[in-house]
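Visitor: Heads up: the sequence shown begins at 1 in our numbering, then just goes up one per residue.
Quick caveat, the hints were computed from the structure, so don't treat them as lab data.
It cannot be assumed that every hint is accurate.
Label pairs and their computed distance ranges (CB to CB) [as the list claims (entries may be wrong)]: (1) Val-101 / Leu-51: 23 to 29 angstroms; (2) Thr-55 / Ala-252: 42 to 48 angstroms; (3) Asp-210 / Thr-55: 36 to 42 angstroms; (4) Gly-288 / Arg-106: 49 to 55 angstroms; (5) Glu-29 / Glu-264: 53 to 59 angstroms; (6) Glu-264 / Ala-189: 41 to 47 angstroms; (7) Gln-104 / Ser-66: 24 to 30 angstroms; (8) Ala-182 / Asp-210: 42 to 48 angstroms; (9) Arg-122 / Glu-63: 19 to 25 angstroms; (10) Glu-200 / Glu-115: 20 to 26 angstroms; (11) Glu-115 / Asp-210: 19 to 25 angstroms.
These numbers were taken from a predicted model, which means no experiment stands behind them.
For every residue, glycine included, the Cβ atom is placed at its ideal position computed from N, Cα and C.
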Amino acid sequence: MKRIIALALLCAYLLTACAPAGQEAGKAEKLQVVATIFPAYDFARSAAGDLAEVTLLLPPGAESHSYEPTPADILAVRECDLFVYLGGESDHWVDTILDNVDFQGRCLRMVDCVELLEEETREGMQASPGHSHGQEEHDHGGHEGHGLGEVVGMDEHVWTAPRNAAAVTRAVGEALAELDGAHGEDYRANAKACAAQIGELDREFSAFFDGLDRRTIVFGDRFPLRYFAEAYDLDYYAAFPGCGAQTEPSAATVAFLTEKVRDEGLGTVWYIEFSNHLVADGIAEAAGVDSAMFHTCHNVSKADLEAGATYLSLMEGNLEALRARMH
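Produce the complete structure using the sequences and hints provided.
Guide: Dropping the structure here:
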């Protein structure tokens with residue numbers, strides 16, 4: 001990865017060196033904002049309104065864990081005024097870029113905007129041998145696999161709790177206001193309005209879950225939703241941790257989750273976006289129930305992006321799916 005990025009940096013340098021004189025000087029007057037993943041992009045464009053140009057760095061559907069930035073990506077990061085990224089292990093390649101370009105803008109890491117939780121294995125969950133979160137692996141002893149209840153590093157999917165999403169949106173608005181003081185109050189007002197909408201969604205989720213006799217959910221997939229589960233006091237079971245790379249659970253994991261669905265009287269086994277949902281479908285079939293998608297908002301398809309999908313619209317869709325399937 002580092003070698004690939006080094007080559008891309010060289011290409012970016014050559015592209016800049018060959019650019020016509022005055023091209024860099026003709027930089028747009030609006031603030032230039034670059035965001036790595038969809039949640040960061042959506043929060044940034046909500047706070048920016050029409051006052052800044054916001055660019056989504058990773059193409060729709062791209063896997064952030066294995067992403068290889070292009071020379072154009074590196075130039076976009078180098079030239080932007082505000083760079084919004086997650087700050088977790090899934091975008092470790094960002095540090096390589098920032099360490100090797102003369103970045104003069106401001107960085108905002110989403111993980112710095114909220115209180116962090118630890119990713120953990122749960123009962124029945126398939127452990128991920130060699131699962132690593134970089135520095136966190138060292139901090140927790142560098143296990144080759146993880147046992148029940150052991151933490152496996154920082155859970156970076158902070159936006160899945162609406163209240164965290166609101167906090168990140170306000171932080172982006174404040175960063176934009178500090179960079180462009182002439183429009184500072186506009187940025188803050190935009191961010192406040194968006195955060196208020198997310199806050200209302202948070203209250204709707206809370207009201208829904210408060211009306212349930214049981215708050216158990218089963219995912220036949222990865223579970224990058226610990227912040228969501230913690231926000232609404234949900235009891236969750238899943239095939240893999242949030243950043244697990246495995247796609248085939250053991251027979252014991254499948255059997256455990258199938259029995260959990262039956263014992264809890266659940267009607268749905270959930271899976272996440274861009275999953276082939278074969279595991280969820282298999283568990284659901286064995287338990288005699290349905291499977292359905294819960295959108296984590298981490299990634300969107302090109303069609304969804306072009307159709308105007310937002311964090312709010314995707315999470316509202318989740319709420320409707322929950323209302324239809326949990327009683």
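Visitor: Decide, hint by hint, whether the structure agrees.
Guide: For each hint, the structure was consulted:
1. Between Val-101 and Leu-51 the CB atoms are about 25 angstroms apart, so this pair conforms to the stated range of 23 to 29 angstroms.
2. A hinted range of 42 to 48 angstroms for the beta carbons of Thr-55 and Ala-252 is consistent with their spacing of about 45 angstroms.
3. For the pair Asp-210 and Thr-55, the supplied restraint of 36 to 42 angstroms holds, since their beta-carbon distance comes to about 40 angstroms.
4. Evaluation of the 49 to 55 angstroms hint for Gly-288 and Arg-106 yields a pass: the beta carbon distance comes to about 53 angstroms.
5. Separation of Glu-29 from Glu-264 is about 57 angstroms and conforms to the stated range, judged on CB atoms against 53 to 59 angstroms.
6. Checking the proposed 41 to 47 angstroms range against Glu-264 and Ala-189 shows it holds: the Cβ atoms sit about 45 angstroms from each other.
7. Between Gln-104 and Ser-66 the beta carbon distance is about 29 angstroms. The supplied range of 24 to 30 angstroms therefore holds.
8. A hinted range of 42 to 48 angstroms for the beta carbons of Ala-182 and Asp-210 is consistent with their spacing of about 44 angstroms.
9. Hint check: Arg-122 to Glu-63, Cβ distance near 24 angstroms, so the stated range 19 to 25 angstroms holds.
10. For Glu-200 and Glu-115, the Cβ-Cβ distance of about 22 angstroms falls inside the hinted range of 20 to 26 angstroms, so the restraint holds.
11. Take Glu-115 and Asp-210: their Cβ atoms lie about 22 angstroms apart, and the range 19 to 25 angstroms holds.
Consistency note: the structure conflicts with none of the earlier hints.
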